[in-house]
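Sequence order for the protein chains is A and B. Residues in the first sequence are numbered from 1 upward in steps of one, following our numbering. Residues in the second sequence are numbered from 115 upward in steps of one, following our numbering.
No lab work stands behind these hints, which were simulated from the structure alone. All the pointers check out, no bait thrown in.
Examples of chain A residues toward chain B, derived with CB under 10 Å:
#: 1; residue: P34
#: 2; residue: Q38
#: 3; residue: K42
#: 4; residue: Q45
#: 5; residue: S100
#: 6; residue: L102
#: 7; residue: G105
Quick list of the computed label-pair ranges, beta carbon to beta carbon:
#: 8; chain 1: B; residue 1: S141; chain 2: A; residue 2: N53; range: 27 to 33 Å
#: 9; chain 1: B; residue 1: T129; chain 2: A; residue 2: S18; range: 46 to 52 Å
#: 10; chain 1: A; residue 1: G41; chain 2: B; residue 2: G198; range: 18 to 24 Å
#: 11; chain 1: B; residue 1: T228; chain 2: A; residue 2: K42; range: 23 to 29 Å
#: 12; chain 1: B; residue 1: E196; chain 2: A; residue 2: K58; range: 43 to 49 Å
Values in this document were obtained by computation on a predicted structure and should not be read as measured data. For glycine and all other residues, C-beta sits at the position ideal for the given N, C-alpha and C.
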Amino acid sequence: GENVEQHPSTLSVQEGDSAVIKCTYSDSASNYFPWYKQELGKRPQLIIDIRSNVGEKKDQRIAVTLNKTAKHFSLHITETQPEDSAVYFCAATPFTGTASKLTFGTGTRLQVTL
Amino acid sequence: DSGVTQTPKHLITATGQRVTLRCSPRSGDLSVYWYQQSLDQGLQFLIQYYNGEERAKGNILERFSAQQFPDLHSELNLSSLELGDSALYFCASSVGPDANYEQYFGPGTRLTVT
Numbered sequence: 001g002e003n004v005e006q007h008p009s010t011l012s013v014q015e016g017d018s019a020v021i022k023c024t025y026s027d028s029a030s031n032y033f034p035w036y037k038q039e040l041g042k043r044p045q046l047i048i049d050i051r052s053n054v055g056e057k058k059d060q061r062i063a064v065t066l067n068k069t070a071k072h073f074s075l076h077i078t079e080t081q082p083e084d085s086a087v088y089f090c091a092a093t094p095f096t097g098t099a100s101k102l103t104f105g106t107g108t109r110l111q112v113t114l
Numbered sequence: 115d116s117g118v119t120q121t122p123k124h125l126i127t128a129t130g131q132r133v134t135l136r137c138s139p140r141s142g143d144l145s146v147y148w149y150q151q152s153l154d155q156g157l158q159f160l161i162q163y164y165n166g167e168e169r170a171k172g173n174i175l176e177r178f179s180a181q182q183f184p185d186l187h188s189e190l191n192l193s194s195l196e197l198g199d200s201a202l203y204f205c206a207s208s209v210g211p212d213a214n215y216e217q218y219f220g221p222g223t224r225l226t227v228t
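Chain A extracted, bound-state conformation:
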């Protein structure tokens, strides 16, 4: 099955700096890669996703890049703000019909300091 590794486990940046979180996946058939943000005690919220037919996707201060050859994808947050502080999870899934499921990384705790 799919295995997703996520790094770093914790990340501290100053307000205004950029943050990068990286994930690698094992199943070359994976074709959908969402990112979720989870604030303390809250639900995971989908913030951006990318599919395997695209190399990069951007939404305001957030971007995701995908390298299918190397089987890794990254989340980039620019001009970080205190409200970006949360745990971020990457996930991957292959399109295998009835057996498809999201496999999550172990999470990155991002702390944006003033």
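Put chain B on the given structure of chain A with help from the hints.
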């Protein structure tokens, strides 16, 4: 607010007991996914239902079962509870049958087994 609702918000029960968690998907969504989140395990996929039928199975224990009803709400039943079952249980919903459709999470049920 994702439009996915879960009840109850908190549940405290004793070892050996049985509990039922309830989830109502977003309007129009046919899939319901159940996840377990514990401190040391991250987000673990348990089971998925699509339009009333079991669609995919993850790391769900035999003591756990689920179903989706004709009105598309879903229930997760946990029996013979153990201390290690203490966790946050999330459901998520999506419009399509496979995990490469966007999933929207409910607020979760925090289960404490004493």
